[in-house]
Structures are given as C-alpha cells and as structure tokens.
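Visitor: Listed below, chain by chain, are the residues.
Protein chains: 4
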Amino acid sequence: MSYAMQLLDSYPRTFSLDASLLASTIDALNDCAQACTADADDDLSEQDVAEMVKCIRLCLDCADICTTTAAVTSRRTDYDADVTRPLLDACIAACKSCAAECDLHAMMHAHCGVCTEACRRCQRACQDLLATIA
Amino acid sequence: MSYAMQLLDSYPRTFSLDASLLASTIDALNDCAQACTADADDDLSEQDVAEMVKCIRLCLDCADICTTTAAVTSRRTDYDADVTRPLLDACIAACKSCAAECDLHAMMHAHCGVCTEACRRCQRACQDLLATIA
Amino acid sequence: MSYAMQLLDSYPRTFSLDASLLASTIDALNDCAQACTADADDDLSEQDVAEMVKCIRLCLDCADICTTTAAVTSRRTDYDADVTRPLLDACIAACKSCAAECDLHAMMHAHCGVCTEACRRCQRACQDLLATIA
Amino acid sequence: MSYAMQLLDSYPRTFSLDASLLASTIDALNDCAQACTADADDDLSEQDVAEMVKCIRLCLDCADICTTTAAVTSRRTDYDADVTRPLLDACIAACKSCAAECDLHAMMHAHCGVCTEACRRCQRACQDLLATIA
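Residue numbers (the working numbering), protein chains in the order written: chain P, 1 to 134; chain B, 1001 to 1134; chain Y, 2001 to 2134; chain X, 3001 to 3134.
Hints are computed from structural coordinates only; laboratory data are not their basis. Among the hints, erroneous ones may be present.
[As the list claims (entries may be wrong)] Simulated crosslink set (DSS-like; lysine-lysine; CA at most 27 angstroms straight-line):
# : chain 1 : residue 1 : chain 2 : residue 2
1 : B       : Lys1096   : B       : Lys1054
2 : P       : Lys54     : X       : Lys3054
3 : Y       : Lys2054   : B       : Lys1054
[Claimed, not checked] Quick look at which bits of chain P chain Y covers, simulated, 3 or more residues with Cβ under 8 angstroms:
# : stretch
4 : 11-22
5 : 70-78
6 : 100-112
Using N, Cα and C, we set each Cβ at its ideal position, and we do this for glycine too.
In isolation and in its complexed conformation, chain P is listed as follows:
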C-alpha cells in the first residue's frame, strides 16, 4: 500500500472522494513528476540536445504542475473544488503536451518512451478523478 493510500486511510475526518481512486491519482502524479524531472535531465545529456529543447521545456512544466497537483489533492482539510478542478485541467493539459512531444523521440531515446507512458497514465488518472468531482 503506497504512503498516499496509508495516509488517506488514517485521515481523521471523512471526505467525499473515493480514497483508492484519489491515492492512485496521487501516486501517478508523483511518478509523473519524477519521470519528467529525470527525462529533462536525460535529454540534456543527449548529443542531439538542440532537437530536445521543446521536450525539456515541457518536461519541466509537467514536473512542476504534477508536484503541485499532488500536494493540493493530498490536502483533504477544507477541500476546495473550485481550485482542484482547474488545477486538474492544467495537469491534464501538461501531461498531454508532454506525452505528445516525448512520444516523437521515443524511438531514438528510450527515456522519452518511459516518460510518455508516465504522462499518459497520469493524464488518465487526473481525468478519472476530475470526472468524480465535476
């Protein structure tokens, strides 16, 4: 059981969202942030770094947005749907843009393939969570 799930399990109040859906989304967000941070660095080490500039930029954005979305969705106390909804929209957009660019490089660079997968999994998780709070 992930720490996200363990901590939701021991949350002292009740909350309206499905705990296991929320925990798997938080895990996907943290995984995606890690994949994007590492992929941006892998790109920097490639000989064709000039071709990887857009990929680096989108990975940096996606890492920042996923980290923030993981923190905000982890907070259950006085939860504010008006903030969570557009933040999930932003995260879905960041994952989508990042996956599309990474996928272009996945044949050449295996790390971009891994990052594509992490972004797509995170995008789906955020969409599933968003569907339950709309």
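On the provided structure of chain P, position chains B, Y and X as indicated by the hints.
Guide: Okay, now just chains B, Y and X, sitting in the frame of chain P:
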C-alpha cells in the same frame, strides 16, 4: 527593474506577450507565494490556530500554485498556451479562495490582511495576462 | 521497477554512483515528501491541532526539502558533489527532526506513525547515498 | 517594504533572528530562484545550447534549492536550527556553483550575467544569515 524583467529583456528569441505585463505578473506570483507561505506560518503561531485551519490550507495551496505558475510563465521557449491558460485559471481560483478566507481574519490578524492584498494583486495580474492570451 | 530506476537505466551517459542505490533513495525521498505533505494536512484536521503545530511545521519543511533533494539527485548531467553533499545533510537533518516529532504523536494519531516510518526510511537512504559520495 | 518583511513584522510570536536581515535574505532567495528559472530557459533558447548544458543543470538545482530555502527560513514557528544550518550550507554551495558557471557565459549571454549577480547576492545573504545562527 526586477530580475523577472531583466531576464525577459535578455531573452534570446522573440516572444508574443507584452514583456512588462508578463514581468509584473511573475513578480506578483512570486510575491503572493511568499505572502502565503509566511501567512500559513503566522497562522500556526496564533492562539486561535483551530480557527485558522482553513486559512492555513488555502495558503499552502495558493503558495504551491503561484510558485509553479511563476516558473511555467517564466519559460518562454516553445511556449504552450494550452498549458498556460488552465494553469492561470487555477491560479486565479486559488488566489480568490485564499483572499476570501484571509479577509475574514484581517481584523484580528494583520498578517492575514497583508496576504489578502498579495492574493488580490496576483489574481488581477493573472487575469490581465490571461486576457492577452485567450 | 520504479520510474526513477527506469529513467536511470536509460540515462545516455555513464555516471559514477550505484544506480539501484540512487533509485531507491529517490523513491524514498518522493515517498517521504508525500507522507509529510499528507501528514501535515491530517494534523490540521485533528481536534488537538494546537498540540500539532510543531509537527505541521516540521512536516512542511521535510516535504519541501525531500522534493528538492529528489530533483537534484535525479539530475545526473554535470553532477556537482559540492551541492549534493550539503543538501543530503540538510535532508537527513529534516527527516530526523520530523521523525522525532511525529513519533511523539504516533500513539494518538496513526498518520504520524506512518510519517515517522517514511522519514526514517528516507533518512537511512540519504545516509547510505551520502556514504558513497563523501 | 517587501511582503517577506511585512509578514515578519506581523508575526504573532517573538523570534530570535534580526527581522530585516532575515527578510532581505528571503527576498534574495526568491529573486535568485526567479533568475535561475528564467536563465535556464534563456539558455535553452540559445543557438549554442549544447555549450549551455552545465549552466542549465546548475540553474535548475539552484532554483529548486533557493525556493525551498526561502520557504523553510520563512517559517518561524518552532524554528529548527539543525535543519536551517545545513540547508543554508547547501544553498550557498548551489549559488556558488551556479554563479561560477554563469559567469563563464556572461560575455556571450547577458542573461547569464544577470543570473551571476542574483546568485552572488543570494550567496552573500545566506552567509550573513548563517553567521548569526551558527
């Protein structure tokens, strides 16, 4: 001239946004992140901390979202409006929720008054920037 | 295999550290950041929140420091031991302080027990990594 | 008066550090984080991006470490010198490495000159603050 403005001035490519509007938005985002981080801590030190829980939570969210929005809007290379737009929406929502809650405590706690002002200034700046990229 | 490990596996250059030790440290850092962010929020929801103020503060610090340490240690390109070493020192100190405080509340609050464990695991991982780069 | 100073001024408890030294350090940290985030992006847009890889990497590290150090030093409640001291050490090291690398490119790229200055100012501020808490 702020560092945000100096760095936009020396950006090697051209970009479509108004540089001084963008720089003042980035400055307002960084200021708001700082105000929210410090206000959450000030709240933790108040004797009526139990009354300040919602304020702390919203300040933590707003700080995280403003920090990320400052980083994403600072990046000009291969700029992606599809990510920036919903992120500004999320930031506007976070500033609005945080200001509304902080304002309730501003009479009792001067630090909440300062944070209200920082959030409102940041909200307006993000709205102005968003209006130019819609 | 975690994303941290997959991305280290596909890193295009060579690097001097043991990849599996590094990957498990990065995983422990991300897990600890998540546990601390969620524990701070769990604390905010407790009826005895006034007793939990120190715990909240140390969890916020530990989350921030672990997130940053995960990002910095994930970057292999032009690695700088002079930065990594004191940062690991800071992270070890943050995990130690946070675990010590959380442990005081673990009998009353199960979430503080989970966070204690995450901090101790992260502290050990950082110490093991630091031992190989001293 | 910066938001950092205004919020320290309205902090509800007493604290041992000099408020104006602390506020100017927090301001220098936030300025340096902004300069490094923007400089990394400016570097990505340069035609000689392959020569800028080390600079980008160190700017990303320095931005992350400065942002975290600003947040941790902004928290006054149950302040922990054992965490703050090594974190300031790490921040001083990051600023020093980043300034040294940026300075090599300052003749070619004006943005690297701006970032060098922000890093050096931040390094001095952190050293001055550290001297008062040793």
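Visitor: None of the hints should be skipped; say for each whether it holds.
Guide: Status of the hints after comparison with the structure:
1. B/Lys1096 / B/Lys1054: holds, 14 angstroms
2. P/Lys54 / X/Lys3054: Satisfied, since the Cα-Cα distance of roughly 18 angstroms is no more than 27 angstroms.
3. Y/Lys2054 / B/Lys1054: holds, 18 angstroms
4. 11-22: holds (count 3)
5. 70-78: Coverage by chain Y holds for the stretch 70-78 of chain P (6 residues, Cβ < 8 angstroms).
6. 100-112: The restraint on the stretch 100-112 of chain P holds, since 3 of its residues have a Cβ under 8 angstroms from chain Y and three suffice.
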